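> Please build the complete structure, drawing on both the sequences and the hints.
Numbering-wise, our numbering puts 808 at position 312 of the sequence shown, and it's gapless, one number per residue.
Derived from the structure by calculation, the hints contain no laboratory data. Fair warning: this is a prediction, and the values are worked out from it, not measured in the lab. Just to be clear, a hint being listed does not mean it is correct.
Unchecked claim - Computed list of lysine to aspartate or glutamate pairs in EDC-like fashion (alpha-carbon distance at most 20 angstroms, straight line): (1) Lys666 to Glu759; (2) Lys525 to Asp642; (3) Lys561 to Asp524; (4) Lys618 to Asp526; (5) Lys816 to Asp767; (6) Lys616 to Asp524; (7) Lys616 to Asp526; (8) Lys664 to Asp524; (9) Lys618 to Asp663; (10) Lys816 to Glu759; (11) Lys618 to Asp524; (12) Lys824 to Glu772.
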Amino acid sequence: MWVTAAEGFFFISGAMVGLIRGSQYLKDKDIFPIAKKLLNRSWKLYLYYVFFTILSVLIALLLIKFNLGTLKTEEVMTAKGISRTFWNIVQLSAGYGYVNFLKYYAIYMILSIPLLWLLKNKMWYLIIGLAVVSWFEPRLAIFNFDNLFFYWFSYFALGTLFGFYYDKIKSIFLKKSGLVQQSTSWLSIGVLFLVFGINWYINFFDVKKSTNMIGFLKSFSHYQWKLTDFTETWLYNNRTGVMRLAIFLLIAPGLFFIFKKLESIIKRRLDWIIGEFGRNSLRTFIVGGISVLLFKFWAVDITFIYNSLVSVLYLYLVLKIINISWIKKFISN
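What follows is the structure, encoded as structure tokens:
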């Protein structure tokens, strides 16, 4: 889908800030109590980032010692040794593993303060402008910082905007006729499955080399791949292409309406896992980030069924760990 969990994570994180802290800001009419909470949250996330990043590096080095793996391509180890590596982690210039996301999250918490102020003063258009500038900043290279910080900040900023105005958007939507509401939800779901179908076809059929195309999907895929020859850098290039953001915005409404329609069933049947992960989001993220260092050696290119079973085992393990009492005390949500 060109879109990974990272995009959704930072969009939802921003949405929660906009929804929860934004509503408090509207009631209190004072930014300082909200800013204090966000700064405290940022500081806590920073400490988690430092501790668990160092722990991840030590685990990775231990695995290397026993020939069980290697450091990721964006190696954090420097020629000056492990002490210099730890110092780089402390000053946010290095990260390792999935807990690296906590670095961005800690900074975004601080940046959410001016974002909320802008929204409170009805300058939402500046938020959109910031998201656009942040997306294209790595191409301009004004700041010498991690490119992913800027790409994912775009999602966080747009999520904050959505969360801040969620109640108003919901109110406007519910005032529409039942036909409009149903049409909007089913159209969004239809677009979601259409994108899924096209993506499935592109990934499982060799449309790049195929020359004997028949049918709409084949023609569409063929010309899409031809188009990438000219637009790869701006549209499709890894995490930086505009198509990545466009796909996210296309599928997000469909996913929202699907979960909304299935909300009662999910609560009754799947609360034991989805609910637990949601209520323990930070613990899930950190524990999952550490655990995946070990599980990635078991998930190999053998069969879909094998890797699916490993994935289920991994999720079950994370679910059990996040409910351990001392884990709950050490990692507060």
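> Hints first: check each against the structure and report whether it holds.
Checked hints:
1. Lys666 to Glu759: Distance ~16 angstroms between Lys666 and Glu759 Cα, so the pair holds.
2. Lys525 to Asp642: Between Lys525 and Asp642 the Cα gap is close to 35 angstroms, so the pair fails against 20 angstroms, i.e. violated.
3. Lys561 to Asp524: 55 angstroms, violated
4. Lys618 to Asp526: With Cα atoms ~15 angstroms apart, Lys618 and Asp526 stay inside 20 angstroms; holds.
5. Lys816 to Asp767: Judged against 20 angstroms, a Cα distance of about 14 angstroms means the pair holds.
6. Lys616 to Asp524: 11 angstroms, holds
7. Lys616 to Asp526: With a Cα-Cα distance of about 10 angstroms, the restraint between Lys616 and Asp526 holds, given a limit of 20 angstroms.
8. Lys664 to Asp524: Holds. Lys664 to Asp524 sits at ~18 angstroms (cutoff 20 angstroms).
9. Lys618 to Asp663: 15 angstroms, holds
10. Lys816 to Glu759: 24 angstroms, violated
11. Lys618 to Asp524: 16 angstroms, holds
12. Lys824 to Glu772: 12 angstroms, holds
Of the numbered hints listed earlier, those contradicted by the structure are 2, 3 and 10.
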